[in-house]
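Chemist: First to last, the protein sequences are chains A and B. Residues in the first sequence are numbered consecutively from 1, following the numbering used here. Residues in the second sequence are numbered consecutively from 1, following the numbering used here.
Errors might be hidden in some of the hints.
[Said to hold, decoys possible] Every beta carbon over 10 Å from chain B, so not counted as near; a handful from chain A, in silico:
#	residue
1	Asp-6
2	Glu-21
3	Ser-22
4	Gln-82
5	Arg-84
6	Asp-85
7	Phe-87
8	Phe-88
9	Leu-89
[Said to hold, decoys possible] Not everything, but these chain A residues come out facing chain B in the computed CB check (under 10 Å):
#	residue
10	Asp-7
11	Val-8
12	Ala-12
13	Pro-20
14	Tyr-27
15	Leu-31
16	Leu-72
17	Arg-76
Rather than coming from a laboratory, the hints here were simulated on the basis of the structure. It should be emphasised that the depicted structure is a prediction, and the values quoted were computed from it without experimental measurement. Even glycine gets a Cβ: it sits at the ideal position worked out from N, Cα and C.
Here is how the chains run, residue by residue.
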Amino acid sequence: MAVTPDDVRHVAQLARLAIPESELGAYVAQLNSILGHMEVLQQVPSAGLAQAAEEARDGMRTRPDQPGAVRLEVTREQNAPQMRDGFFLVPRLATHEDIGEES
Amino acid sequence: MSAALLDLGAGAIGAAVREGRATAASVLDAALERLRAVHEGETDLHAVLHAATQGLESEPLTAGPLAGVPVAVKDNFCTRGLPTGCGSKILQGWMSPYEATAVRKLREAGAVIVAKTNMDEFAMGSSTENSAYGPSRNPHDRTRAPGGSSGGSAVAVAAGIAPIGLGSETGGSVRQPASFCGVVGVKPTYGRVSRFGLVAFASSLDCVAPFGRTVDDAAFATEVISGHDPHDATSSDRPVPSMRVGPGPLAGLVVGVPTEYFPDSLDPAVRAHCERAIAALKAQGATVREVSLPHTALAIPVYYIIAPAEASANLARFDGARYGLRVAAPGVQEMFAATRATGFGPEVTRRILLGTYVLSAGYYDAYYRKAQEVRALITADFARVFASGVHALFTPTTPTPAFKLGAITDPYEMYLSDIFTVTANLAGIPGLSLPIGRVQGLPVGGQILASHFDEPTMFRVAYALEEALGVEAHR
Chain A
1 MAVTPDDVRH VAQLARLAIP ESELGAYVAQ LNSILGHMEV LQQVPSAGLA QAAEEARDGM
61 RTRPDQPGAV RLEVTREQNA PQMRDGFFLV PRLATHEDIG EES
Chain B
1 MSAALLDLGA GAIGAAVREG RATAASVLDA ALERLRAVHE GETDLHAVLH AATQGLESEP
61 LTAGPLAGVP VAVKDNFCTR GLPTGCGSKI LQGWMSPYEA TAVRKLREAG AVIVAKTNMD
121 EFAMGSSTEN SAYGPSRNPH DRTRAPGGSS GGSAVAVAAG IAPIGLGSET GGSVRQPASF
181 CGVVGVKPTY GRVSRFGLVA FASSLDCVAP FGRTVDDAAF ATEVISGHDP HDATSSDRPV
241 PSMRVGPGPL AGLVVGVPTE YFPDSLDPAV RAHCERAIAA LKAQGATVRE VSLPHTALAI
301 PVYYIIAPAE ASANLARFDG ARYGLRVAAP GVQEMFAATR ATGFGPEVTR RILLGTYVLS
361 AGYYDAYYRK AQEVRALITA DFARVFASGV HALFTPTTPT PAFKLGAITD PYEMYLSDIF
421 TVTANLAGIP GLSLPIGRVQ GLPVGGQILA SHFDEPTMFR VAYALEEALG VEAHR
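This is chain A alone, in the form it adopts within the complex (with noise of 0.2 Å):
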């Protein structure tokens, strides 16, 4: 299961990171090296024991679902990079251009 470049790329983009082409080569080195060490698990028989683990375990207890509040060491406003008339101003994530001539 060698990693190839476009692997790393693909996994880049799923992952939101921009990797330069003249770094690839070295992430593809070093992801094929440490899942090298990763193919011993392989040689392990344990299908069915996580599932044999988490039973024998106490379980997970749940609580009611409540919203309850938070409390803030400082306010909400003093938070906020700039308010206006009681909104958050922030700065802009799209620009026009990503919007097109749809607006």
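Chain A is already provided as a structure; the job is to place chain B on it using the hints.
Modeler: Showing chain B alone in chain A's frame:
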């Protein structure tokens, strides 16, 4: 007077402040003075990223068990008054709007947060060399690594800035630097301490984990921060027992020594110190029994699949839209990608790529599911040994003493420095490292492991061993 008090430990500082023999402000002054001294010129240990200023605590508590006790806190805990940056450029200068439960509990007990400490970026590393702000240095030899990822807190405690440090563990990030720096490091049972306000790395492994200059300081801190928290669904509602059990004989206690933790490749000097510690345990009345944890060698491959997989999901939130750094780009997707590529360092980038790869279609079963199954085998190894009448385990904390800064360049070789600590994180059991000796001036750590939620037994062994080895542990 407060400078001398600083060296006495958390219990003595708290008592002095409660009884009016010292003030919290004077203790903080002494801590800040020492902090400055170890960050100057050629003696700079670079342990601290942000120091408190006098007056930060407008009304320091003077009645709590930790009244006036300075605590150094790792940079991945949300704190009020000081930035929370996780040793990363992507969160540079970020101020949290809320405080981590562990930090709040320390403050409510009277402790004073003296500094935010250096760390490997997002706790990914074993040397503190992956900090975006440069490595911390080992106080016993500045050319060597203090360990990581909580290296800054370990150095702060070892250098005498604070008797207690707060760190976090995902694979050994407190026990390994404790071993390298000659202090005590505790990884509590998963669920013993709330993770609320600890910036997530790998949620099924992350633990809030304290340092102490002594076993008692570490036990004190563990006791204060433990307990159920409605803000963390994985925190346990089991009652918190007293952790400060004190030194005493170990009669009736069975200590297991797992053969897999003493491979032929173990540094002979580390082995010799472990053998001396085992002899001390016997002399204290413990029965020592050889045991086997046969899946130990698989722990590093398992860990380095599960931890990056969880990290790739947890770190998706750092995208330039919600926190910290934003790098301008023509479109939103491009802005996300440019921000993350600029804000994350090479090790974080590598682990996000690895984690995304092992979770991606076609590879999930081969890597992630398999790793989860083998994790169950590792957990079962411990369960079997503890069910056989063994109360605690003794092992070396690390295969070698502190290595030179820059000496390890291969990522997987660096991962192997966690080989004796990562199993406790995978199994969720408590573990502790304490100094058991020195090799050419460098501290050597011994590790004590116990069954889930049995921290009192772990501390019982640690107190006894600390007393038995005494000053010998520091030679």
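Chemist: Provide an ascending list of the numbers of those earlier hints which the structure does not satisfy.
Modeler: Hints that this structure does not satisfy do not exist here, as all of them hold.
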